[in-house]
Amino acid sequence: MKLCDLCAQTEATMKVSQLDKDGKVTEIAVCADCARQRGFTEVEKLKAGVAEIIAELKTRVDEGDSKLVCRNCGMSYAEFKRQGRLGCAECYVSFHDELLPLIRRIHGAVQHVGRTASGGRKQAQVKMNVQKIREALTGAIQAEDYEKAAALRDQLKQAETE
Amino acid sequence: MKLASDVVGKWLSATGPEADVVVSTRVRLARNLSDVPFTHRARPSDHERTVEGVRWALSDAGYMTQGQFLDNEQLSEPHGQYLVERHLASPDFVASKAKRGLYVSKDETVSLMVNEEDHLRFQVMASGLDFPEAFTAAAALDEKLETQLQYAFSTEFGFLTACPTNLGTGMRASVLVHLPALVITREIEKVLRGAMHIGLAVRGLYGEGTETKGNFFQISNQKTVGQTEWEIIETIADISRQVIQYERKAREYLMNKLRVEVEDKVFRSFGLLRTARVLSSDEAINLIANLRLGVALGLVNEINLAEVTRLLILVRPANLQVMLGETLTAAERDERRATFVRETLVHP
Chain L
0 MKLCDLCAQT EATMKVSQLD KDGKVTEIAV CADCARQRGF TEVEKLKAGV AEIIAELKTR
60 VDEGDSKLVC RNCGMSYAEF KRQGRLGCAE CYVSFHDELL PLIRRIHGAV QHVGRTASGG
120 RKQAQVKMNV QKIREALTGA IQAEDYEKAA ALRDQLKQAE TE
Chain R
0 MKLASDVVGK WLSATGPEAD VVVSTRVRLA RNLSDVPFTH RARPSDHERT VEGVRWALSD
60 AGYMTQGQFL DNEQLSEPHG QYLVERHLAS PDFVASKAKR GLYVSKDETV SLMVNEEDHL
120 RFQVMASGLD FPEAFTAAAA LDEKLETQLQ YAFSTEFGFL TACPTNLGTG MRASVLVHLP
180 ALVITREIEK VLRGAMHIGL AVRGLYGEGT ETKGNFFQIS NQKTVGQTEW EIIETIADIS
240 RQVIQYERKA REYLMNKLRV EVEDKVFRSF GLLRTARVLS SDEAINLIAN LRLGVALGLV
300 NEINLAEVTR LLILVRPANL QVMLGETLTA AERDERRATF VRETLVHP
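If you're matching them up, the sequences are chains L and R in order.
Reminder that position 55 of the first sequence reads as 54 in numbering that gives the first Met the number 0, one-by-one numbering, no gaps.
Reminder that position 300 of the second sequence reads as 299 in numbering that gives the first Met the number 0, one-by-one numbering, no gaps.
To be clear, the hints were calculated from the coordinates, so they are not data collected in a lab.
Fair warning: this is a prediction, and the values are worked out from it, not measured in the lab.
All clues given are correct.
Part of the chain R face toward chain L, derived, beta carbon under 7 Å:
1. PRO36
2. HIS39
3. GLY157
4. LYS222
Glycine residues also receive a C-beta, built at the ideal position from the N, C-alpha and C atoms.
Turn these sequences into a full structure, and let the hints steer you where they fit.
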């Protein structure tokens, strides 16, 4: 059994070619966990290229794919497979589980780590929301409507964590 | 942008770092609005709303005073092709019939397409190998736009794009390199395979599926999820630095071992460009690329790197016609191209 060159604990299942600063290619053996952590994909899959992975989708439309429909834009998963493009942002939620393996295959990772949207307008909206609930809460307390105040307090908590 | 112009973008000025090998650096970001279906699925009214929203956001961010916003009419032929040749718009974008918009900064370093595959696709180009310049400017535009627009974003997948291949950072970072010596010494495949091995894409001058005319190559990232923007950029910059070293070594080798052959190639090309009466676009590009090598090696001093790089764009069919202010047949173009190149090179 060949152990992983990175963690030296688990059995290596994959060979990875590394290009060092001098342009020398060295091959190392890694285990599945280390490969996933570092975003290595199998060389075979890499060779396929991103465009080919998308093109290949077309050939694999299953029966169930047309029944799986985005709750927002109405696009079916079968349509996505044929076109290679999703219908709207919500499709990523509707087809989440189906897209995961595809995204992993394309990018070798499924968790975004780069810049984040500060949500300019959204943040402003959340702030406005929080402000409104606070005012209502103050009003409820002043009116001694404690039932309403308790409900508003819960709403406020939720709004603040958004 | 003045269309009847022989001025080219600042990113072609050959003033950036490593300009002898690297023509330019480009950072492109893809963004979508959260409450509008992706372009191919949106209704005409959505398309219009998106164009107006982005136009307003650009104006609010102060970009309109530094550039121009072109609409559908201004994107029709021959202007569409002219913009593609200048790397300011994609072929699919100019061919589309939907309501679109294109912002181009005066110096042509910044451009933004509205309603391409994604609602927004914007890029910043810089001369030479200069990711700090290109990325900083792209990120600044991104931040300003976001104060007015609500992007489609998830903490898991990052910026959401019509095609999952652009997901995450939504960033495509690339360098345009000129590698004639590696092609002559037949080392090119080995070098480019190294880049592909670590998951980078190598393409021709005009992106996907284009030939590598004139020994110009584009190296870019394929993966956009799982790495930060700077990690992606560092990978490409690292490879670029290696490629630059290899190309320079190959040029040195040529000058030491095959000087006569190289001089012959360069001066024959120079001679043809200065005397030919008919020049096709492809022939011109290949000859100009050889001349560029001669300039970079110091063999030709009559013209500088910026001038020769500028010619590469101006000899293209649409640019030639816009510059001359005439619509020409292919045969007429070849003749006028030869005249233009001759006049530029005989009395530079």
